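Note that the protein sequences, when read in sequence, are chains H and Y.
Numbering-wise (our numbering), the first sequence opens with residue 1 and increments by one.
Numbering-wise (our numbering), the second sequence opens with residue 1 and increments by one.
Calculated directly from the structure, the hints in this document are not laboratory data.
Careful: at least some of the hints might be erroneous.
Identical chains blur together in the list; that is why a pair holds if it fits in one copy or across any two.
Taking lysine-lysine and the PhoX-like style, the derived pairs with C-alpha atoms no more than 20 Å apart in a straight line are [unchecked claim]:
1) K196 - K316
2) K196 - K164
3) K193 - K375
4) K196 - K3
5) K164 - K193
6) K249 - K316
7) K487 - K498
8) K164 - K18
9) K428 - K3
10) K193 - K422
11) K193 - K3
The structure presented is a predicted model; accordingly, all values stated were derived computationally and were not measured.
Number of protein chains: 2
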Amino acid sequence: MDKATARHIIDASMGRTKADLVIRNAMVVDVFNCRSFLSDVYIKDGRFIGFDGDRTAEREIDAEGKYMVPGFIDSHCHIESSHLSPSEFSNAILPSGTTSVVADPHEICNVSGLDAMHYMLESAENAVLNINFMFPSCVPATFFEHSGAVLTAKEVETVIDNPKILGLGEMMNYPGVVAADDSILDKLDTCWKRGKIIDGHIPSISGQGLDAYLSTLISTDHECETPEELVEKTGKGMYVLLRQGTVCKNVEALVPGINENNWRRCLFCTDDRQPQSILREGHLSYGVNLAIKAGLDPYRAIACATINASDCYGLKERGAIAPGRFADFFLTERIDEIKPISVFVSGEKVAENGKILKRSPHVVPEKVEGAVRVKDLSLSLFSLPLTSDRARVIRILPGGVVTAKDEAVVKRDERGEWVHEKDKDILKITVIERHNNTGYHASALISGYGLKHGAIASTIAHDSHNIIVIGDNDDDMLLAVKSLKEKGGGITLVMDNKELSYHRLEIAGLMTDESVESVVECLDELHRVVEEEMGGVNREIDPFMTLCFMALPVIPAYKITDCGLFDVTEFKFVDVSL
Amino acid sequence: MDKATARHIIDASMGRTKADLVIRNAMVVDVFNCRSFLSDVYIKDGRFIGFDGDRTAEREIDAEGKYMVPGFIDSHCHIESSHLSPSEFSNAILPSGTTSVVADPHEICNVSGLDAMHYMLESAENAVLNINFMFPSCVPATFFEHSGAVLTAKEVETVIDNPKILGLGEMMNYPGVVAADDSILDKLDTCWKRGKIIDGHIPSISGQGLDAYLSTLISTDHECETPEELVEKTGKGMYVLLRQGTVCKNVEALVPGINENNWRRCLFCTDDRQPQSILREGHLSYGVNLAIKAGLDPYRAIACATINASDCYGLKERGAIAPGRFADFFLTERIDEIKPISVFVSGEKVAENGKILKRSPHVVPEKVEGAVRVKDLSLSLFSLPLTSDRARVIRILPGGVVTAKDEAVVKRDERGEWVHEKDKDILKITVIERHNNTGYHASALISGYGLKHGAIASTIAHDSHNIIVIGDNDDDMLLAVKSLKEKGGGITLVMDNKELSYHRLEIAGLMTDESVESVVECLDELHRVVEEEMGGVNREIDPFMTLCFMALPVIPAYKITDCGLFDVTEFKFVDVSL
Numbered sequence: 001m002d003k004a005t006a007r008h009i010i011d012a013s014m015g016r017t018k019a020d021l022v023i024r025n026a027m028v029v030d031v032f033n034c035r036s037f038l039s040d041v042y043i044k045d046g047r048f049i050g051f052d053g054d055r056t057a058e059r060e061i062d063a064e065g066k067y068m069v070p071g072f073i074d075s076h077c078h079i080e081s082s083h084l085s086p087s088e089f090s091n092a093i094l095p096s097g098t099t100s101v102v103a104d105p106h107e108i109c110n111v112s113g114l115d116a117m118h119y120m121l122e123s124a125e126n127a128v129l130n131i132n133f134m135f136p137s138c139v140p141a142t143f144f145e146h147s148g149a150v151l152t153a154k155e156v157e158t159v160i161d162n163p164k165i166l167g168l169g170e171m172m173n174y175p176g177v178v179a180a181d182d183s184i185l186d187k188l189d190t191c192w193k194r195g196k197i198i199d200g201h202i203p204s205i206s207g208q209g210l211d212a213y214l215s216t217l218i219s220t221d222h223e224c225e226t227p228e229e230l231v232e233k234t235g236k237g238m239y240v241l242l243r244q245g246t247v248c249k250n251v252e253a254l255v256p257g258i259n260e261n262n263w264r265r266c267l268f269c270t271d272d273r274q275p276q277s278i279l280r281e282g283h284l285s286y287g288v289n290l291a292i293k294a295g296l297d298p299y300r301a302i303a304c305a306t307i308n309a310s311d312c313y314g315l316k317e318r319g320a321i322a323p324g325r326f327a328d329f330f331l332t333e334r335i336d337e338i339k340p341i342s343v344f345v346s347g348e349k350v351a352e353n354g355k356i357l358k359r360s361p362h363v364v365p366e367k368v369e370g371a372v373r374v375k376d377l378s379l380s381l382f383s384l385p386l387t388s389d390r391a392r393v394i395r396i397l398p399g400g401v402v403t404a405k406d407e408a409v410v411k412r413d414e415r416g417e418w419v420h421e422k423d424k425d426i427l428k429i430t431v432i433e434r435h436n437n438t439g440y441h442a443s444a445l446i447s448g449y450g451l452k453h454g455a456i457a458s459t460i461a462h463d464s465h466n467i468i469v470i471g472d473n474d475d476d477m478l479l480a481v482k483s484l485k486e487k488g489g490g491i492t493l494v495m496d497n498k499e500l501s502y503h504r505l506e507i508a509g510l511m512t513d514e515s516v517e518s519v520v521e522c523l524d525e526l527h528r529v530v531e532e533e534m535g536g537v538n539r540e541i542d543p544f545m546t547l548c549f550m551a552l553p554v555i556p557a558y559k560i561t562d563c564g565l566f567d568v569t570e571f572k573f574v575d576v577s578l
Numbered sequence: 001m002d003k004a005t006a007r008h009i010i011d012a013s014m015g016r017t018k019a020d021l022v023i024r025n026a027m028v029v030d031v032f033n034c035r036s037f038l039s040d041v042y043i044k045d046g047r048f049i050g051f052d053g054d055r056t057a058e059r060e061i062d063a064e065g066k067y068m069v070p071g072f073i074d075s076h077c078h079i080e081s082s083h084l085s086p087s088e089f090s091n092a093i094l095p096s097g098t099t100s101v102v103a104d105p106h107e108i109c110n111v112s113g114l115d116a117m118h119y120m121l122e123s124a125e126n127a128v129l130n131i132n133f134m135f136p137s138c139v140p141a142t143f144f145e146h147s148g149a150v151l152t153a154k155e156v157e158t159v160i161d162n163p164k165i166l167g168l169g170e171m172m173n174y175p176g177v178v179a180a181d182d183s184i185l186d187k188l189d190t191c192w193k194r195g196k197i198i199d200g201h202i203p204s205i206s207g208q209g210l211d212a213y214l215s216t217l218i219s220t221d222h223e224c225e226t227p228e229e230l231v232e233k234t235g236k237g238m239y240v241l242l243r244q245g246t247v248c249k250n251v252e253a254l255v256p257g258i259n260e261n262n263w264r265r266c267l268f269c270t271d272d273r274q275p276q277s278i279l280r281e282g283h284l285s286y287g288v289n290l291a292i293k294a295g296l297d298p299y300r301a302i303a304c305a306t307i308n309a310s311d312c313y314g315l316k317e318r319g320a321i322a323p324g325r326f327a328d329f330f331l332t333e334r335i336d337e338i339k340p341i342s343v344f345v346s347g348e349k350v351a352e353n354g355k356i357l358k359r360s361p362h363v364v365p366e367k368v369e370g371a372v373r374v375k376d377l378s379l380s381l382f383s384l385p386l387t388s389d390r391a392r393v394i395r396i397l398p399g400g401v402v403t404a405k406d407e408a409v410v411k412r413d414e415r416g417e418w419v420h421e422k423d424k425d426i427l428k429i430t431v432i433e434r435h436n437n438t439g440y441h442a443s444a445l446i447s448g449y450g451l452k453h454g455a456i457a458s459t460i461a462h463d464s465h466n467i468i469v470i471g472d473n474d475d476d477m478l479l480a481v482k483s484l485k486e487k488g489g490g491i492t493l494v495m496d497n498k499e500l501s502y503h504r505l506e507i508a509g510l511m512t513d514e515s516v517e518s519v520v521e522c523l524d525e526l527h528r529v530v531e532e533e534m535g536g537v538n539r540e541i542d543p544f545m546t547l548c549f550m551a552l553p554v555i556p557a558y559k560i561t562d563c564g565l566f567d568v569t570e571f572k573f574v575d576v577s578l
């Protein structure tokens with residue numbers, strides 16, 4: 001709010017000047033009393049200025065008794081998971097009624113550090129969607145891999161005063177927090193000093209460990225999975241985020257833990273939602289509808305998706321249809337099954353019937369490229385010499401994120417190099433550092449992926465997003481990596497020395513400025529090619545999402561980074577050879 | 001929170017070092033889930049660090065199953081109404097379980113401006129009670145009188161960044177806000193820029209006027225009187241404060257408006273509580289107990305008095321028994337009728353069985369005196385020449401705050417001066433500017449006070465706190481004013497040229513560093529003297545509280561300021577003579 005705006009909206013609210021817009025006959029959802037009432041709603045300078053009253057307006061829209069719901073706030077998301085630039089993310093999610101997000105640019109910052117943060121901030125400034133940020137707290141996620149950047153408290157200090165940065169993102173380093181690790185306390189201190197929010201990330205920890213973690217004033221959790229956890233965590237002062245992502249889906253399991261009182265401390269989030277999920281199921285509204293179906297009162301569900309997020313994150317000018325707040329809202333026929341018909345941001349209609357009307361301008365990332373900086377691209381990168389006929393094997397489990405520790409008898413050639421055997425489901429997987437041309441790379445063996453022939457490579461590989469490539473032969477693997485380097489990031493399919501299909505991710509190798517529709521079309525085509533032309537993969541996994549989690553050394557049991565095969569349960573690198 | 005503290009409390013929470021204190025067998029009140037559970041509670045460095053767990057502690061206290069309740073937060077009060085300095089206020093209210101207050105030093109700032117604000121801040125720094133402030137928004141309250149200071153946006157800017165100042169205090173100037181008055185927008189802008197809170201004050205206004213007022217992001221109201229108002233105001237985004245002062249008592253009337261959902265937006269406050277009320281009935285707990293008796297669920301009532309205030313005012317480190325928060329709490333046998341047995345602030349026992357254990361040090365106000373700066377103290381100050389035998393008369397109504405416009409036939413002497421008539425209940429009332437030696441003074445006539453003989457004078461006279469004196473003869477009135485000047489502020493009783501009793505208010509003429517017990521004793525003595533030695537006053541009013549509201553030109557109908565007799569309904573000065 002500023003003086004000029006205040007003067008405009010007071011004058012219009014008092015009826016001395018015209019409002020810009022009036023929504024007539026709206027069934028206004030009051031998230032404070034959890035009720036609705038029929039009223040006109042006046043808007044001036046992008047803000048609500050009042051209900052029924054003696055005013056006039058430049059334009060009017062008849063809501064015809066439809067429910068008028070405050071725009072939803074996604075309390076925790078990674079825009080990168082949508083494969084979309086912030087601009088295209090805005091275009092993609094506004095039609096389903098999410099008008100604000102709290103985004104943690106953890107992925108892109110792992111690639112490009114502060115440059116990425118500034119690109120995201122600039123994109124947010126220009127986006128129609130209200131994009132707020134939490135500064136990523138854990139870049140790199142571990143020291144068992146090479147990310148593109150290291151963000152310490154020093155880097156946090158340079159941007160944390162930006163009002164669009166609400167605090168520190170998900171503090172995943174639980175062991176570091178409860179060990180009172182100095183570098184972590186330094187980061188937390190940037191928020192303590194400013195009263196900013198610190199997001200938590202604490203799956204499966206309860207009791208004393210949770211107490212110690214929370215003693216640092218970490219205040220949210222989006223990893224809550226059971227009703228009992230929800231009651232304990234809210235009871236200890238946390239806001240609990242009901243998550244409905246593409247892979248992690250917690251809403252229905254958590255609803256039984258929401259009671260008459262603790263609902264005020266529950267929010268909704270998507271965390272990671274793939275473009276297909278956004279386009280086909282919607283965004284935050286999908287989780288909200290699930291919660292309502294599971295028994296949560298619709299008004300309270302809406303409050304969780306709006307005013308509760310506003311309260312938690314200090315977004316005081318959003319989250320309710322109330323005088324002075326930004327006029328972010330949507331109209332829906334029903335509130336027990338929300339389907340936004342038209343969506344408004346700051347009093348302007350931005351989407352209708354599932355289609356975006358007001359697109360966000362693209363922002364060219366000057367310092368963030370889909371760079372693949374690998375100096376020597378040659379077959380030697382894929383060399384996997386073994387000292388034994390028995391080798392450790394990463395075994396993919398159904399779901400495709402967690403793996404098991406396996407071992408197998410393998411074949412070696414005269415130089416001791418691993419040799420692929422057609423009748424065995426064991427492939428080579430290689431991770432190549434791509435950010436700073438360090439030359440780090442490592443290969444290992446993996447089973448359960450099910451690819452018959454060829455190679456699949458990607459620049460999405462959580463959390464450091466080095467190149468990850470899987471295949472049955474080094475030639476295809478090399479071509480795949482070469483393609484990623486030439487085109488500047490993405491996902492590629494190669495077979496018999498030919499690129500079959502390619503998904504461009506020109507922004508940090510993670511995101512694209514293409515529309516959600518064309519991204520989904522492209523991903524569908526990739527799936528089709530894998531299935532029809534490459535003979536498919538294990539039906540229990542998604543070929544691309546599974547691949548991108550194989551380099552994440554915080555999820556058990558074996559993972560591979562650019563530094564080697566990592567035993568997550570033992571927390572150390574191990575040889576492939578046994 | 002700082003790094004050193006964080007390290008201490010994490011270490012103790014993890015059991016690596018000893019906690020300072022453990023409260024064993026406490027029935028912990030969880031304000032988030034509105035339930036209680038039996039647990040030990042560990043405290044280190046003044047903060048809660050966890051519940052049952054594998055830890056040790058230096059000291060332990062057995063709660064023997066008593067309820068452990070977070071310390072209450074008074075969301076809006078004027079410390080000055082207690083007649084006590086912040087230090088003595090702390091000593092007075094802690095025993096009843098209020099451990100934090102949000103204080104608006106509106107009265108003392110009207111006397112001494114920024115000097116007063118700094119004195120209050122310094123006192124707060126040294127107090128055991130957690131004292132937070134809202135910067136007074138309306139000094140002076142009106143331009144129809146001379147206050148000791150004028151506080152504009154320029155003055156606000158000099159202190160608003162102090163973390164103890166949470167925002168701008170009750171914005172009483174409703175007409176100014178909805179007129180978009182420039183100087184008011186300037187003040188509001190100091191908070192908009194910083195995301196600080198703006199307290200409202202909007203009795204009896206609903207609908208369009210309320211909408212316009214709220215468009216400025218004013219977010220609280222403590223003038224709510226009916227359940228309907230409560231629903232409208234919460235529905236429009238306000239936090240509604242349930243007030244239980246000495247004179248203004250709204251709790252019982254508001255409880256029926258609190259429903260299953262809007263209770264989260266309700267807080268408790270005392271606004272103005274006299275020392276007698278504090279000593280005899282308690283502080284915030286009095287209102288909380290009334291609400292419970294009136295049907296509000298005890299857990300929710302406690303939440304309104306704790307976490308809701310924490311949420312509203314951003315006091316994130318208070319308001320709940322949760323890890324990381326300050327260990328402010330009390331033990332009580334019952335929660336359906338709260339009687340704090342022992343009270344703790346930052347983990348230290350500060351009161352027990354109604355008695356303060358840890359007193360706050362006195363802070364000597366260097367620049368804030370009970371100054372009575374009146375250059376010429378002479379009988380001429382009380383001259384009331386009339387040009388007619390008919391005069392306007394302020395008529396006190398039962399309750400003693402609102403007055404009526406009256407007129408009477410009066411007697412004049414040879415010079416035209418008003419002459420008191422023993423058989424008529426008409427007295428002279430005089431207001432003398434006391435802050436800046438301007439020489440402003442005015443006299444008028446008043447009925448309904450009922451004093452038989454003598455004079456009563458006070459340096460408490462809302463909101464400008466000039467000297468106000470009432471009496472039947474100029475000699476006694478002069479002596480009363482002389483006494484106030486000599487002693488530096490207070491309330492005095494004079495009869496037949498003799499001072500009968502005196503209540504010292506050496507701090508700005510409003511407060512004293514005496515204890516609440518001695519202040520109450522002194523006020524009781526004043527009442528006794530008025531009753532027994534001066535023949536009493538009208539039984540429907542309190543002699544001192546009524547007197548101190550006679551100079552407040554925002555409450556109808558006739559009031560007197562140092563500028564003359566003011567017709568509040570016509571909003572102009574009028575002659576005493578008709």
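Cross-check of the supplied hints:
1. K196 - K316: Both: 14 Å inside a copy, 10 Å across copies.
2. K196 - K164: Both. Shortest intra-copy (11 Å) and inter-copy (16 Å) distances satisfy the 20 Å Cα cut-off.
3. K193 - K375: For K193 and K375, the Cα distance exceeds 20 Å both inside one copy (43 Å) and across copies (49 Å).
4. K196 - K3: Classified as between: cross-chain Cα gap 15 Å, same-chain 26 Å, threshold 20 Å.
5. K164 - K193: both (17 Å within a copy, 14 Å between copies)
6. K249 - K316: Classified as neither: same-chain Cα gap 28 Å, cross-chain 30 Å, threshold 20 Å.
7. K487 - K498: This pair counts as within: shortest intra-copy Cα distance 15 Å, inter-copy 99 Å.
8. K164 - K18: neither (31 Å within a copy, 40 Å between copies)
9. K428 - K3: Neither way: K428 and K3 sit 63 Å apart in one copy and 46 Å across, limit 20 Å.
10. K193 - K422: For K193 and K422, neither the intra-copy (60 Å) nor the inter-copy (67 Å) Cα distance is at most 20 Å.
11. K193 - K3: between (29 Å within a copy, 10 Å between copies)
Hint violations for this structure: numbers 3, 6, 8, 9, 10, all remaining hints satisfied.
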